Amino acid sequence: MRDLVIDNKGVEGLPLKLLIVAIIMGISIPAVLASWHNAERQHTENSLRSELNYLIVRIVQVYQAGPGNAVSVELNLESGVLSSIEYVLVGDNLVSPWRSAIRWKLSGQAEDTFAIDDGIPVCSTDGGALRLSPGWHSVYLEAKKEESGLLFVEISVLD
Numbered sequence: 001m002r003d004l005v006i007d008n009k010g011v012e013g014l015p016l017k018l019l020i021v022a023i024i025m026g027i028s029i030p031a032v033l034a035s036w037h038n039a040e041r042q043h044t045e046n047s048l049r050s051e052l053n054y055l056i057v058r059i060v061q062v063y064q065a066g067p068g069n070a071v072s073v074e075l076n077l078e079s080g081v082l083s084s085i086e087y088v089l090v091g092d093n094l095v096s097p098w099r100s101a102i103r104w105k106l107s108g109q110a111e112d113t114f115a116i117d118d119g120i121p122v123c124s125t126d127g128g129a130l131r132l133s134p135g136w137h138s139v140y141l142e143a144k145k146e147e148s149g150l151l152f153v154e155i156s157v158l159d
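Sequential numbering from 1 applies to the sequence shown in my numbering.
It should be emphasised that the hints constitute simulated quantities derived from the structure, not laboratory data.
It should be emphasised that the depicted structure is a prediction, and the values quoted were computed from it without experimental measurement.
C-beta: ideal position from N, C-alpha, C; glycine also.
Keep in mind that the hints are not guaranteed to be accurate.
Here are the simulated distance ranges between beta carbons [what the hints assert, rightly or not]: (1) Trp36 with Tyr87: 36 to 46 angstroms; (2) Ala115 with His43: 20 to 30 angstroms; (3) Leu158 with Gln64: 42 to 52 angstroms; (4) Val157 with Lys105: 13 to 23 angstroms; (5) Glu40 with Leu158: 25 to 35 angstroms; (6) Asn76 with Trp36: 18 to 28 angstroms; (7) Ala65 with Ile29: 31 to 41 angstroms; (8) Val57 with Ser148: 24 to 34 angstroms; (9) Lys105 with Gly66: 30 to 40 angstroms; (10) Arg49 with Ala22: 39 to 49 angstroms; (11) Ala65 with Leu158: 15 to 25 angstroms; (12) Gly149 with Asn38: 47 to 57 angstroms; (13) Asp117 with Ser35: 31 to 41 angstroms; (14) Pro30 with Val71: 40 to 50 angstroms.
Could you build the full structure based on these sequences and the hints that come with them?
Written out as C-alpha cells, the structure is:
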C-alpha cells in the first residue's frame, strides 16, 4: 500500500474552484431565468390568443344565427408563474368604438386588441365591457336586437 502524500495545494485549490463555479453560475442564472420568463410569456400569450379566437368564432356564430340564439362557452384564461394575465375586456357599450373588440393585458406588456369579425357589437348585461380575470370562465352569449334595430351579442358570466 502506498502512503498518502500530504499536499497543502489541494486545500487552497478547492475554495478557488468553488469560487469559479459560483461566479459562472451567477453569470448564467439571469440568462436562464430571462429565457424561461420569455418562453412562459409566449406560451401564456399564445394560449390566451387561442381562447379568444375561439370566443370570437362563437360570437360570430351566435350573431349570424339571429336574435334569440344563445350558446355557453368555456374559457381557460390561465396565467403562468412568471407572466400573468391582468385582464380581458370583451366588447363595450354599443356606441363605443371598443364594442367590436376584445382587449387584454399581460403583466409588463402593453394592452393588445383583437377586432371581432365584421364589426359585430358585443356588450355585457350592464351595457359595458365584460371584464374577465385569469382562470376558468363559463360565459353565455346571446344574440339580441336593440329597439333601434341594431343586432348585437350580449355576453355574461355564468355562475
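Evaluated hints:
no.	hint	result
1	Trp36 with Tyr87: 36 to 46 angstroms	violated (24 angstroms)
2	Ala115 with His43: 20 to 30 angstroms	holds (24 angstroms)
3	Leu158 with Gln64: 42 to 52 angstroms	violated (22 angstroms)
4	Val157 with Lys105: 13 to 23 angstroms	holds (19 angstroms)
5	Glu40 with Leu158: 25 to 35 angstroms	holds (29 angstroms)
6	Asn76 with Trp36: 18 to 28 angstroms	holds (22 angstroms)
7	Ala65 with Ile29: 31 to 41 angstroms	violated (54 angstroms)
8	Val57 with Ser148: 24 to 34 angstroms	holds (27 angstroms)
9	Lys105 with Gly66: 30 to 40 angstroms	holds (33 angstroms)
10	Arg49 with Ala22: 39 to 49 angstroms	holds (41 angstroms)
11	Ala65 with Leu158: 15 to 25 angstroms	holds (19 angstroms)
12	Gly149 with Asn38: 47 to 57 angstroms	holds (48 angstroms)
13	Asp117 with Ser35: 31 to 41 angstroms	holds (36 angstroms)
14	Pro30 with Val71: 40 to 50 angstroms	holds (47 angstroms)
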